[in-house]
Structure formats: structure tokens, C-alpha cells
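Student: Given chain A, work out where chain B should sit, using these hints.
In case you want the letters, here they are:
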Amino acid sequence: MAITLFGRTRQLESEIDGFLDVLGDANLAFKQALSLFLQEGKSERFTEKLHQVADLETRGDGLRRKILTNMYAETLMPDARGDILKLLESLDNIINKFEETLWYFETEAPDIPEAFHAAYQELADLSCAAVEALILASRAFFRDAPAIKDHMHKVLYYEKESDEVVTKLRGGIFASDLPLSNKIHLRFFAERIVWIADIAEDIADELSIYAIKRAT
Amino acid sequence: MDATILIFLGSGLFLGWSLGANDAANVFGTAVGTRMVKFGTAALICSLFIILGAVLSGAGAAHTLGKLGAINAIGGSFMAAFAAAITVYGMTKLGLPVSTSQAIVGAIIGWNLFSGFPTDTGSLIKIVGTWIACPLLAGVVGVVLYKLTTLFVGWAKLHIVRLDAYTRLGLILAGAFGSFALGANNIANVMGVFVSANPFTSFSLGGLANFSAIQQLFLLGALAIAVGVFTYSKRVMLTVGGGLFPLSPVGAWVVVVAHSVVLFLFASRGLEHFLASSGLPTIPLVPVSSSQAVVGAVIGIALLKGGRGIKWRVLLNISSGWVTTPVVACLVCFVGLFFLQNVFNQQVYREASYILSETVLEHLEGRGIAVDRLSKLKGRQFDKVREFRRTINEAAELDEDVQSEILASARIEETLINPSKIWRLDNLISSEQQQAVYRLQGRRFMHLWQLEEALVEQSDEWRSLPSTTANKLANRKLHDQRLEVHKLFRLARPAP
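If you read the sequences in order, they're chains A and B. All residue numbers for the first sequence refer to our numbering, where the first residue is 1254 and numbers rise by one. All residue numbers for the second sequence refer to our numbering, where the first residue is 13 and numbers rise by one.
Calculated directly from the structure, the hints in this document are not laboratory data. Don't take each hint at face value.
[Claimed, not checked] Ranges between beta-carbon positions, derived for each pair:
#1 B/P293 to A/G1271: 54 to 62 angstroms
#2 A/G1315 to B/L68: 23 to 31 angstroms
#3 A/D1270 to B/P293: 48 to 56 angstroms
#4 A/L1338 to B/T243: 33 to 41 angstroms
#5 B/Y101 to A/L1338: 37 to 45 angstroms
#6 B/V140 to A/E1342: 53 to 61 angstroms
[Stated by the list, open to error] Below, computed lysine to any residue pairings styled on SDA-like, alpha-carbon distance capped at 25 angstroms:
#7 A/K1466 to A/I1388
#8 A/K1350 to A/D1455
#9 A/K1436 to A/E1327
#10 A/K1350 to A/D1278
#11 B/K317 to A/I1462
#12 A/K1339 to B/R47
#13 B/K499 to B/S442
#14 A/K1339 to B/V262
#15 A/K1466 to A/D1451
#16 A/K1466 to B/A82
#17 B/K246 to B/S442
#18 A/K1402 to B/S260
#19 A/K1466 to B/L343
#20 B/K159 to A/K1421
#21 A/K1402 to B/L235
#22 A/K1466 to B/V262
#23 B/K50 to A/A1371
#24 A/K1339 to A/E1385
#25 A/K1402 to B/W324
#26 B/K169 to A/E1327
#27 A/K1319 to A/A1307
#28 A/K1350 to A/A1371
#29 B/K317 to A/R1396
#30 A/K1466 to B/H171
#31 A/K1339 to A/K1436
#32 A/K1421 to A/Q1285
#33 B/K246 to B/L235
#34 B/K169 to A/R1263
#35 A/K1402 to B/K50
#36 A/K1407 to A/I1462
#37 A/K1466 to B/S260
#38 A/K1350 to A/K1436
#39 B/K317 to A/R1467
#40 B/K489 to B/A82
Here the structure is a predicted model, which is why all the values come from computation and not from measurement. We treat Cβ as the ideally placed atom computed from N, Cα and C, and that holds for glycine.
Only chain A is shown next, with the shape it has when bound in the complex (with noise of 0.2 angstroms):
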């Protein structure tokens, strides 16, 4: 019996890191695409990337999946179960954004002029910093839980430093000459980057609260 529930524990640990590492994957090239964009616009290159995330899009689902059924099929951590779902699928709406962004940036092509480069790139990195930042919070989570905090800390300063930033860039646009149609188009986007980070806080708000209640 303990073969048989230390084999499925450690299936189900891989397929918890793979999906974690799945994210990371999806949040470089997230990043990637964007500053592609930025530099080449709607290129091959940056197709590329667009379908890269893609398919990491459908893997991460089908991991999501996997250790739903896991874990429901052989009533592993029953106590803790619904918050590890509930905290996957939040991730996992990280990634749909990813791809839902950059599928935007296909179709719509916004013309992003040269003057906002810099500060759509600073959204972007900040955005992804706080991913990032997220994701070693939720390894933390399953692995040390103490850690936590250190990586929280680091999800809400960069979703506060990128609220500034798209503050600044939203005034900017607003204050260009740009026809009004544009400015609507320029800050749409803006805020879609900017959204990913006010994601990973809730998320990081709803970590912290999985935290606690693991730790009575």
C-alpha cells in the first residue's frame, strides 16, 4: 500500500512542477513575443512565439487535468486539495492571458510609436517579473511554505511599480497628438499587460491565505 501511494506521489509531484515550469516557459516567452513586437512588429518571429505559448497554452490544461483527476481519483490530500486546484487554475488563467494578449497583438497589429517602446517594454518586464515572481512563491508554497512571503513581497512591489508605469504611459498617450481612435487602441493594450500583473497579486493574496491555513 505505502509502494503504491509514494509511486502516485511522485507522479503527482512531476506533473505539479511540470506545470509550474510550464508557466515559466509561457512567461519568457510571453516576454519574448512582446519585445518582439516592439521591435520587428508583427513578424514571423514573433508568430512564433505567439504559438509557442499556444501550446503551452493546451499543455498546461492538460496537465491541470491530470492532477485534478489524480488527485480526486485516488482522494489524495483531501484537506488541501481544493486550494491546490483552485491555485493551478488561477495560474493557469495566467497563461490563457498570455496567449489571449498576444493573439490580440496578432489581429489588431496596434502601431505602437517609437517614443512609448521604452515604457510598453518596462510594463511588460515588470509584468513578467511579477509572474515570475509568483511562480517561485507557488514552488514555495509546495515546497517551503516560510519562503512565501519573501516571494510575495517581490509579486506586489513589481504590480505597483507597473501600476506607475502604465499610469505614466497612459498619460503619455493621452497627451500625444495621436489620433483619439489610437490612444483608445494604445492604452487597450497597455492595460491588457498591466492586467497580468494585478492577476499574479489576487493570486499571490490567494497564496497567502492557502499559507495560513496550511500552517494551523
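Tutor: Frame of chain A, contents of chain B only:
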């Protein structure tokens, strides 16, 4: 064994059933309540280990209960167990904290009061002391274990899934240990009162293993507990999950282990033997409340975490339970015995006869007891313990210990060493001891101490060792062997 005895044993089995239904939840409640372990698995492990604990290690705690009051008629045993069971059932129904251990102690005292036999105050103090020590000790063990476990978990940085798997396995192992400890410690509550009126006799399984009368009795009680576990504990287990203080599975594991360690400490003859042979003070073997051990451990952990969220009212309730449970059980037993004796015409205690013969007075004098004031009672026989106690107390003001000594020495317990029965002592005593018994064939003794002295004269193997911690177990074994000899050759008391 005739059917009446089985009916009398029924009250003990009822008490066993209720213990199984309620106390199994202390061992597996959290594991089953949080669905970490399936009920079927929990019930099977729990029952098996309760039976093992009761049969292999249950005698220690029963010995202390037997000393508190040796109920000597099965009708009395029936009423004591029944009063305890009714008290447990009724107080649980009323939502009051209750413990089987405290109920049975109250019931035994009720029997002592009704029959007139004295209550051994030394044993009573020992028992009450452990009731207070039990939750405190569980709290301390819980705190130490929790600290060590959290340090280990923090150091090992185990994946949450692996930690869960280890916790699950840990809960099963701790549950098995807890069930063993519960069986060993609490079987005395269920069957302890039947020990003096035990209907079973010892036998040897092909010379390979001895199956003592007490073990057979405890097996029966343990089976009743197991039935309680299977038939009724699921409901209790499922409600225990969210109990006194919210705990993580690791915290729950710590509580189960702390509870089990404490119950084991108060029941293990093996540990007592180890401590005694190392010259260390031994832990009294007393039935304690498993619920209170759990509460002690939970509160210990809660205090370690800053003490927020503790329901202090629970502590107050426990303290009140220490008083109310034994008092209620004592009253119920007393009233029940009255009805059983006077309405149902059942014998609830066997009267003992006492004689202050010259031999007895000399024996008492030899033991350092001043007998001047008792000499006027020389030659008088008393057929009622109450009357004898009153008379000797009127003649001389006696303290409890001296009174107990006089009662034991003057009690008429006639024995005739019948050679045709000696073979029944095979495997229960050594061959030299058996030879000594053989040499006494045909001899008749009026008092137990006379038989003991005669045995010592025949062989040094019947001689008690000096009363030290290291010799405690050997002397107890010798005491049990003497009782076996006495039980075998005892002559029935003629009807008064």
C-alpha cells in the same frame, strides 16, 4: 460457563461497545474526518490493535483498579459496569464531558460504599493524580513533538504532496499505536471490575503459550470495543474532524501520537519493567481518559501557537467532569446495587468473615501493630465486613492503613491443598514453586497469609524480595501467583 454469567458480563460488553463507539474517534477521528484514511481501513486497524493491546498489555491498569475495590460477586461487577455505562451514555446525551475511566472508578467506590469494603485510599489518590497528570502530560508531549515535527518539516522541505503521503502513513501508524495504547489502558475500564469475579480459567495452548483467565476476559471486552468501533464510531469520527481547535493534518498526527504515548505510559508493563530494572521511578498503571489526553495535546499545541482560539470553557468542563462523572456513577451504582440486591434478589457482593483469633493477633503484633485494645475481641467471629470494621474502630481508633492490615489478616479465606488439582498450576508457577505446593498437600489454612507463610517455609521461590523499585515487578508476579494458588484451592464459604 452458564448463561447467567454471560448476561452479567453483558453490562461490561455494553460499556466496551460505548467505549469503542466514542474513543476510537480520538485515535482515528481526524484521519477519517478529513478523509485522509478510509473508515473501513481505520476501523479494521483500530479493532485489531485494540484487541492486541487489551490482551497483551491490559493487565497493568486493571491491577490498579482491582486494588481500588475488588468486586467479588459477579452481580456487583455487573452493576458497576452498568452504572458506568449508563453514566457515560446519559452524560453524553446531555452534552456533558464524560470519561469511561472516571465513571468506572466512581462505580467501584459506589460498590465499596454499598458492600462496606474499604476503599484503598492509596490507589484512589494514585488514580485521581493521574487524571490531572494525563492532559498535562499529553500537552507537554504534544508541544515537544509539534516543535520537533515542524523543525523537521522546515528542514526537509518536503513537497506538499509527499508530506501529505507521509502524514497519511503516519496517521495510520499512529492510529495503530493509539489503538494498542487505548486497548491496553482502557480495557481495565470495561472488564476490570470482572477480574475478581472472573468466570474464565487459565489454560495453556499446547504448552506453547499461556492464555490466562484475565486475557480471555479482556479478549471478550476488546471484541465488544471492536463491535463499537465498527457499528457506531463512524458518526463520531466524522464530527471530530472540526473539533476543538483547527489543526493541519500534521498537527492532527502530533495529537494522535501524544495521546497514544500518554495512554501507553499509563498502561505499559514493559516500560514499567524497563524503568524498574533501571532503578528509575515507575509510572503508575492507571486507566486514563483518552478524550482528555487529546484535549491536553490540542491545548498544548494551541498555547504554543500563541493561545488564540482556545475554547477555555472546554477546560472548565473537563475539570467539572473530574468531579461530576465519578460522583454520578457512584450514586447510580449504589442505588442500582440496592435494587439488584433487594428487588431482583441477586448477590451483589460476597460477605467476608473475620476472626480475631490468637494466631491473628500474634500475626498482627509481629507486623508491628499494637493489639492491646483489640485483645478484648479475641476469639470473636464477624460475618459482616461492616460490622467488623465498626467494632474494631470502636475498640481502637485506627488509621486507614492499619485497618486494611487488620482486615486482610483477620479475613477467613479457607484453603485446602487438594493434590488432584495441583496440575492446573502447570506453566503458571515454576516447578520448584509447584513442588512446594505439593509438599503442602492435605493441609488446611484459615487465612491467606497462613498459606503464604507455609509456601515460603517450603521454598524460597515463594519469598517476596525486599520492597524496592527494582523488585516491584517480581513481587507483583509473586503476588499474582499466590492469588492463582489461593483461587484454585479456596474452599467455598458456607452460607451464613
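Student: Any hints this thing doesn't respect? Which numbers, in order?
Tutor: 2, 9, 16, 17, 19, 20, 21, 23, 25, 31 and 35
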